[in-house]
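If you want the building blocks of each chain, they are given just below.
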Amino acid sequence: MDRLSNHFHDKAEGFRRPLQIAFYGKGGTGKSTVASNVAAALGAKGYRVLVVGCDPKHDCTSTLRGGRDIPTILDTLRKKGIEKRSLDEIIEGKSLDLTEVVFQGAFGTYVAEAGGPRPGHGCAGRGIIVAIEALKKLRVFEQLNLDVVIYDVLGDVVCGGFAMPLRMGLADAAYIVTSADFLSLYAANNVCRGIAEFAMRGGCLLGGFIYNVRSALIDVEDVVNEFSRAVGATIIEKIPYSPLIVEAEVEGKTVIEYSPESDIAQKFHSLASKLISNKERVVPTPLPWEKLVEMGRILQENVRRKFKEKVMVSSSNASP
Amino acid sequence: MNVVYDLMSIVIPFHRQTGIPGKVAGALFVARNIVDCIPVLHMPAGCAYHRRLIPFNLAILPHAICTNLTETDAVFGGEEKLIDALVAVYKWYHPAMIMIITGCTPDIVGDDIGECVESARKRGVECPIIVVSNVKFYSLSRGINAALIALTENLMEKAECRHDRYVNIFSLSFHGGGLNVKELESLIKEAGAAINHVYLYHNTTKDLKEFPKAKLLIADYSTQWTNFVKDHLKMDVIALHNLRVSGLKNLFDCCLVGFSGTSRLLLEIGKALNMEGEFEAIARKKEALLRNKLEKLRRKLSNMKLALPMQLYVGDVGWLALRDLGVKCDLLIMHTKSLEVEYYESELKKLIDLNLKTIEEVQGYQPELLINPSPEEVVSKSKRLGIDAVVCGYRENPVRYAAQGIKAIYTPLLNFSLKAGYVTALNVYEKFAAILTSSNPCSKPLLSLLDYEGEFRRDLSSFWSDMCKFFYEVYHVKEPLEQNY
Amino acid sequence: MQVPNVDALLGFYDPIAGCRVLGAFRAFHGIKRCFTIIHAMTGCHSGFMLLRLLQDNSDVKVLYCGMHQDDLIYGAEHRLLKAIVEAHRMFHPDILAVIEGNASSLIGDDLEGVVQKCQERYHVKTPIVILKGGGHLHDHKAGFEEALLALSQLVRRPKSQSPRSVNIVGVKPDDFRANQDLREIRRLLRSLGIRVNAVIPGGGLNDIKRLSSAVLTVVVGGDGVELAKHLEREYGIPWIITPYPYGVGETQRFLNAIAGELGIPREKADQLIEEDMPMLREEVKRVQFYLKALMHAPAFILGDPGRSFALANMLHHEFMMEIPTLALQYAPAKEMPQELSYSSTIKIKPSREEIYGDIAKTSVAFASSFEREYCRGMNIPLVRFAYPVVDFISLTTAPLVGVRGVVTWIEHIVNTILLEGVKP
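Protein sequences appear in the order of chains A, B and C.
Residue numbering for the first sequence follows my numbering, starting at 50 and increasing by one per position.
Residue numbering for the second sequence follows my numbering, starting at 49 and increasing by one per position.
Residue numbering for the third sequence follows my numbering, starting at 34 and increasing by one per position.
One chain only, chain A, in its complex shape (with noise of 0.2 Å):
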């Protein structure tokens, strides 16, 4: 069904296809950062983005439009069907218009969010069907002559709906962000077993990984390199524990606008770039339970052996 609307909207004239881009990964280890930052990145150096929030929080682009709330396609579909309506649209009903739905971000990006049903509630994955349906009605991508669009997706791929963007004929790569941590990992070699199997039939590969390093303390970067290799892909960067995202966010910014000339700019605006030039495509191969429970052990080590000298260097500051 996908497959057919796209094959049609490709046939139009002129249109060339975006690059699609899917972020994956636990929730928390900073996905949304990473997506919002690539997008500002990406946009400060002209390209044309569109940004997918697809998280019923509907706050995955909440550092692109300065904190400010915007209404989901959810809602606003809902709300165009319970309107009453003029007699000139006895037929087709209300008309959804993309810049009811499709906002400007910071940067010349485009900002939408799926948006979903609130906790205990509801079904957030038909949302997220739903609302890519309603984009590509809505022929998104011809209308705003995108270079990139961008899926932020939420936490782990739990059912059909999320897995959207790995469908044939949306992302052509999906990456994984994740950090030096246990769960993390796991759930990254859980997405990959759904991108590996999504990938038999056509579906979106594996571009790589991005390991966002969220913690001062903890900084694994060889575990999570023996990780990507293991599974078959790369780390694309590493994102390096910094303040100024934190801050930036507070601010409702991306810290390309909080701090363009910082470090971790300098990072996002790298990883951007990587990202737009990377025809490396795999299909992972997702570790075995053992395996994942080695690599847990050094990270635990490693997590040891860090605290205990954060411990001993505080003690020997406090002692006269």
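Hints are supplied without guarantee of correctness; some may be wrong.
With a straight-line Cα cutoff of 20 Å, these simulated SDA-like cross-link-like pairs (lysine to any residue) come out [said to hold, decoys possible]:
1) B:397 / A:139
2) A:128 / B:390
3) B:397 / B:374
4) A:133 / B:387
5) A:133 / B:389
6) C:394 / B:110
Keep in mind that the hints were calculated from the coordinates and are not lab data.
Assemble chains B and C onto chain A, guided by the hints.
Just chains B and C, lined up with the frame of chain A:
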């Protein structure tokens, strides 16, 4: 086609009054009318089971093949089952087309239907596979439009050669007049044009593929699908009942049935096919041939004073009698309850105005207006105005008026027989005239034994009035009881 | 399109019976003044509604919860809340039943929470029973049994038990001529001095409340056995499964089984049957040649186990027909003895493709309205009896059960063959 049988499915207070069939029923209805198409229902067996009863014409499908999704499939996905079903159906039946219709379960779970189709192809399914996708929220059109749009998008090939004089006729059995298109066909052929195909009854997949060969589509109503045909296939569309009433000065401008309506229809067809002369000639010829019969009816009925029901579009024989037979409308009855929840108040005012102005343009004066009246109010007003008969549409109850000495005609059966065509129109007008002028009205209708005290729907028994009100409250009135939900 | 005659089909299924939700709906709807709210999408509700509406334009107590498509995303609890409150306000039912469809079961609507809110905040005093889980969980029979069990929470402790009183369980009022059948069953039992304490489904809330006051539960045809077991566990009321009383033989067995349990002499039951035999004889005389034509005619039967077995026995022993295949819409209760005393292939929940092949080999089909198109195409008369019968109304008082019911059967079968047996 038996009109009374068809009408039974429409007269029950079901469609959008106490229930709504939904996407699956509509899509199955379309599939049923394509003889070499097998619908595959991707849903649990229970859902497929009762959908074989088509609510639009009470037909019963001999096949309702489904993928029999279970609770396990709801958790793990049902794609494998769908692929197996497609392959098995193709192997056993070799259909010319398969139509996949999904239910709630795969829609929620997120089964990738496109991928299933591709996998089925790899396993040897060669026929076209149409997927009926979802309709938008709160959409008026459901499965029928969704299925037709899917067919148009994916099956009806772009015509290599479009014939400038070819016409498609599209009619559905429950769209009033059923498939009574023979006269329209013969008029078109007589003018020198050709009928590509008549849809949608016992058509083949080949017929559908040939759909784009025609230059013009004549459909019962303007719908989402006819708009889609116009935009995507660049085909001209003429709707016998055009629902684009906004901006109109006269409701008859969008009505192409009845005697004069048929003449207008022929002129419009001629214009669309660049054959104005030929179609005008046919129109004049038929008018001249049948003019006497029409005049005879006119003489019988002219100056008869009627109460007419409000129209969103003209489809009632009483209104056509206004235009073609010289009857007068001294009282207009509007029932706006179900419209109030869907349309802005200002739009309803426009509609009322349009009704009044249309009548004024025909007869020279505006009728009196009653909005949401009780039957007693209608009776009292009718007696005061010297109304000869109350024309009752679907939402009126003739039995209540008859019980109080006012003649009433229930027109749905007559309206159902009305289609484009002069002879068709005259046949209906004759029946209408016979009932109107009958001096022997029914004395003791059995339906008068029921109680009609329900306030919400005065044409129905109290119980059904309450059922309609309930549905109105829970479905049409979209505000929840509590805002924090 | 020609259907290939195949023994086993792989890959798809064409159902001959409804799901758990339909079974539950039939149970709830059979209770007087019990309104059922279908908490599902429009198609689900409209399907059940239409099935009922076409049978009886007056008794349609099924309501829609108002679910729209966007509720699949946001949840539909607010719809159910409004539906319950409005149903209570408008219809003042004795019982409200809420049945959850597949969509709601997938998105996880909190039905109990909604019901609690209705009772506490909106003062809905009507007893509300819930059936969760959707239709894909189990089949039609399971839904019927679970619904009756859900209703059993309304049973009251008995003040006393009435002697020679029985509960009748398992006759579904929306079956063809079922109301007439219930009337006839009551008459027959009354003639034996047996009081009918409660009929479920078929009675109302008071019937449910006093289920515990009977001395015996009679499960007619086997559906409703779980309720019977529950009554035995809770109130010590024994139960039996009887055949559906179609035909003289089955009626005799039906009456003898009940009479035997209640200590009524068997001769009394036999005498009751004998009283109607002269009438039956006279009617048989009027159709003797038509009946001759039916001798050894192969018939196909599709229906629920209770009525299908009884019908098969009647057709074989009394109409002298052959039943090569008996297709059941669901499996019979395991406590139910296999009723056929002659050989016949019994198929349980076969795919429709299979049974079409079987129908083609017979002269008359006994099934539901859903087999109409196929039978018409094959010029095989379809005697409608199984659920659902939606294209044949039954307003007259003639039952299908009992000796008097045999006359109705004769008329129904012979007329059907006369009308539909002629090739157009």
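For each hint, the structure was consulted:
1. B:397 / A:139: Holds, at roughly 15 Å.
2. A:128 / B:390: The given pair, whose Cα atoms are some 13 Å apart, holds under the 20 Å limit.
3. B:397 / B:374: At roughly 27 Å apart (the allowed maximum being 20 Å), residue 374 of chain B and residue 397 of chain B break the hint.
4. A:133 / B:387: holds (10 Å)
5. A:133 / B:389: holds (7 Å)
6. C:394 / B:110: holds (17 Å)
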